[in-house]
Amino acid sequence: MRDDLNGLRGLAIALVVVYHVWFGRVSGGVDVFLVLSGYFFGSRLLRMAADGQRPALHTEISRLLRRLLPALVVVLAACAALTVYVQPQTRWEEFANQGLASLGYYQNWYLASTVNDYLRAGETVSPLQHIWSMSVQGQFFLAILLVAWLIALFAGRRRRAVLISVIALGTVASFTYAVIAHNMSQSTAYYDSFARAWELLVGMLAAALPATLVSGRWRAVAAVLGLAGILACGIVLDGAAQFPGPWALLPVGATILVILSDSGANSTGAWPNRILGAPVLVTVGAMAYALYLWHWPLLIFWLAYSGKDGVGIADGAAVMAVSGVLAYLTLRLVEDPLRRGSPKPEAEAEAAQPVRRRRRIVLLGTCVILLAVALTLTSLLWRQHVAVVRASGSELAQLSTRDYPGAQALLGHTKVAKLPMRPTVFEAPDDLPAPTVDGCITDFPGTEIVRCSYGDRNASRSIALAGGSHAEHWIGALDILGRNHGFRVDTFLKMGCALTLDDPNIPDSEHPYPQCREWVYKTLDTIIAERPDFVFTNTTRPRTDGPGDMVPDSYVHVWEELGANGVAVLGIRDTPWMLHDGMLVSPVDCLADGGDPDSCGVPRREALSDYDPARDYDDDFPLLHLLDLSDAICGMDTCSAVEGNVLVYRDAHHLTQTYVRTLADELGRQISEATGFW
Numbered sequence: 001m002r003d004d005l006n007g008l009r010g011l012a013i014a015l016v017v018v019y020h021v022w023f024g025r026v027s028g029g030v031d032v033f034l035v036l037s038g039y040f041f042g043s044r045l046l047r048m049a050a051d052g053q054r055p056a057l058h059t060e061i062s063r064l065l066r067r068l069l070p071a072l073v074v075v076l077a078a079c080a081a082l083t084v085y086v087q088p089q090t091r092w093e094e095f096a097n098q099g100l101a102s103l104g105y106y107q108n109w110y111l112a113s114t115v116n117d118y119l120r121a122g123e124t125v126s127p128l129q130h131i132w133s134m135s136v137q138g139q140f141f142l143a144i145l146l147v148a149w150l151i152a153l154f155a156g157r158r159r160r161a162v163l164i165s166v167i168a169l170g171t172v173a174s175f176t177y178a179v180i181a182h183n184m185s186q187s188t189a190y191y192d193s194f195a196r197a198w199e200l201l202v203g204m205l206a207a208a209l210p211a212t213l214v215s216g217r218w219r220a221v222a223a224v225l226g227l228a229g230i231l232a233c234g235i236v237l238d239g240a241a242q243f244p245g246p247w248a249l250l251p252v253g254a255t256i257l258v259i260l261s262d263s264g265a266n267s268t269g270a271w272p273n274r275i276l277g278a279p280v281l282v283t284v285g286a287m288a289y290a291l292y293l294w295h296w297p298l299l300i301f302w303l304a305y306s307g308k309d310g311v312g313i314a315d316g317a318a319v320m321a322v323s324g325v326l327a328y329l330t331l332r333l334v335e336d337p338l339r340r341g342s343p344k345p346e347a348e349a350e351a352a353q354p355v356r357r358r359r360r361i362v363l364l365g366t367c368v369i370l371l372a373v374a375l376t377l378t379s380l381l382w383r384q385h386v387a388v389v390r391a392s393g394s395e396l397a398q399l400s401t402r403d404y405p406g407a408q409a410l411l412g413h414t415k416v417a418k419l420p421m422r423p424t425v426f427e428a429p430d431d432l433p434a435p436t437v438d439g440c441i442t443d444f445p446g447t448e449i450v451r452c453s454y455g456d457r458n459a460s461r462s463i464a465l466a467g468g469s470h471a472e473h474w475i476g477a478l479d480i481l482g483r484n485h486g487f488r489v490d491t492f493l494k495m496g497c498a499l500t501l502d503d504p505n506i507p508d509s510e511h512p513y514p515q516c517r518e519w520v521y522k523t524l525d526t527i528i529a530e531r532p533d534f535v536f537t538n539t540t541r542p543r544t545d546g547p548g549d550m551v552p553d554s555y556v557h558v559w560e561e562l563g564a565n566g567v568a569v570l571g572i573r574d575t576p577w578m579l580h581d582g583m584l585v586s587p588v589d590c591l592a593d594g595g596d597p598d599s600c601g602v603p604r605r606e607a608l609s610d611y612d613p614a615r616d617y618d619d620d621f622p623l624l625h626l627l628d629l630s631d632a633i634c635g636m637d638t639c640s641a642v643e644g645n646v647l648v649y650r651d652a653h654h655l656t657q658t659y660v661r662t663l664a665d666e667l668g669r670q671i672s673e674a675t676g677f678w
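Straight run, no breaks: the sequence shown in full-length UniProt numbering ends on number 678.
In case anyone wonders, no lab produced these hints; they're calculated from the structure. Cβ atoms here follow ideal geometry from the backbone N, Cα and C, with glycine treated the same way. Hints may be right or wrong, so weigh each one.
What the hints assert, rightly or not - Just the calculated beta-carbon pair ranges, DEER-fashion:
hint, residue 1, residue 2, range
1, VAL221, ILE449, 53 to 59 Å
2, GLY595, VAL355, 52 to 58 Å
3, PRO552, ASP596, 29 to 35 Å
Based on the sequences and whatever the hints tell you, model everything.
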């Protein structure tokens with residue numbers, strides 16, 4: 001084992017931790033890990049192929065499990081305990097889902113399937129999100145082990161050459177796929193095993209190259225260039241937005257340069273390799289796996305506990321120090337005993353106590369297995385409990401308007417009997433708008449128009465509901481009004497995409513969202529061609545730099561385009577967002593954590609301006625008819641989390657459909673005045 005590469009692992013994990021804790025960026029350290037994992041695993045398989053050995057699948061899989069699972073199970077158990085202690089019950093189900101995904105080594109696919117789900121946008125980051133890379137590696141190890149076994153079975157003496165050829169072809173195929181997937185949906189490709197495989201395969205190819213490929217003084221040059229590339233990666237690149245596409249070649253190529261800069265004989269290595277082989281870096285490198293597992297959840301739980309959106313010098317250093325201590329203990333007390341049979345004791349102690357040592361290892365292994373079983377069972381049981389509670393959510397549409405008047409209690413200033421809130425905190429995530437349930441909303445990567453009709457589907461009069469989720473969540477009231485008053489509601493909806501002609505970003509990120517702009521142009525062309533009676537869309541958004549709300553210029557451009565083509569607009573003022581000190585806070589989580597409706601709401605003066613700012617444009621747009629339901633959502637002083645026994649928000653800025661249905665009368669009154677439909 002090369003000390004310089006162990007030291008490189010130490011440097012890589014240090015970069016990962018520092019960038020995560022203090023800079024909120026991707027350093028490229030994970031990509032270094034992937035290449036090194038491929039290199040070490042490839043070296044072993046290629047040696048076996050050269051010696052004419054066939055990998056023993058049972059033995060090799062057992063070796064992988066002993067190396068990877070114990071530390072993971074220990075960290076997951078600690079995270080489960082911290083989740084129960086720190087997080088509200090509304091977060092437990094997601095932890096259970098991701099815990100099972102982590103134990104089953106499909107966490108990356110779970111994240112890939114949810115990363116473009118706007119229903120999760122703005123939620124607190126998962127303490128298990130980082131385990132995606134462990135899942136990628138586990139899947140890769142099993143797949144390449146099976147490939148090597150099949151090659152050894154059928155290729156005979158040429159097994160090493162065939163294995164290298166397969167690795168080379170796989171590298172080209174995976175990199176090509178990564179570029180295509182990156183361009184189609186970078187956020188999904190980021191977690192895609194097939195888009196990440198080339199990084200591990202490149203490491204395996206490096207293991208196949210002759211040690212003398214780089215010689216003499218060029219070794220030092222290669223090492224310096226490699227180290228410079230690794231150190232600069234987090235500074236010059238935003239890996240979260242640019243990997244695993246072509247820019248990932250920087251950390252991958254830099255790692256290969258360091259690998260090729262030493263022949264494997266540490267005593268003759270170039271001076272940069274000797275620096276990497278320093279005992280402190282080698283020690284950190286030995287702890288790298290455990291340190292990677294510990295640092296992220298500790299950071300996330302500290303932020304959740306402290307209520308901060310970032311860490312300073314002192315608490316960041318404390319998170320790193322605690323992570324380091326736990327990683328060292330995990331290495332010495334869990335990983336080493338189960339990975340190699342025992343820690344390396346003094347020779348005489350090893351000779352004197354072999355039976356006791358074996359018993360200790362068996363006991364430790366049994367504890368790890370029991371922890372894994374307990375985590376699995378408790379996760380499954382909690383998910384089942386939540387499913388049973390949510391099953392009663394089907395009755396939400398038939399709630400008594402006397403007992404659950406929602407907005408009507410606020411508008412009428414009437415007192416209602418205090419009853420258990422509906423939907424409950426567990427029912428709220430499923431209290432969704434019909435287009436989401438029906439699949440009638442274009443997802444993030446898509447640009448096609450997905451249309452559905454609600455209200456009176458046979459009516460000649462029509463309203464086009466257009467925009468993102470903040471237009472969509474009014475469908476519960478519009479559907480009732482359409483059926484009662486004879487108009488059709490045609491939906492033109494896309495996740496996270498308001499009706500804007502600017503170049504927007506993906507919500508809650510700085511990543512560009514070109515699919516939104518393309519979709520908006522298609523939608524406007526369709527609407528202008530079909531000429532519905534009215535377009536129902538949002539007119540305001542909350543201010544990010546201060547209290548109140550405002551009209552984005554990009555919205556005005558859309559009104560100009562529609563007005564120039566004679567299309568009338570019903571412009572709805574956006575709902576108040578639950579912003580506290582610039583951070584979105586979910587009332588559902590707050591209520592589950594013991595808060596009350598007012599404390600889990602937001603002061604009205606912070607969420608809304610004194611009057612609808614879209615009124616400033618009244619005289620300029622005669623075809624713009626403004627709708628404002630703020631008084632049906634907020635009281636005089638507070639936008640509460642619950643009104644009339646009905647939960648108002650299902651997350652930090654989307655209304656529950658149960659509450660939206662109680663808004664139908666007030667929305668209908670305002671639409672009637674604007675349209676003359678009835």
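Do the hints match the structure? See the list:
1. VAL221 <-> ILE449: 53 to 59 Å: 55 Å, holds
2. GLY595 <-> VAL355: 52 to 58 Å: 56 Å, holds
3. PRO552 <-> ASP596: 29 to 35 Å: Given about 34 Å between the Cβ atoms, the range holds.
Taken one by one, the earlier hints all hold for this structure without exception.
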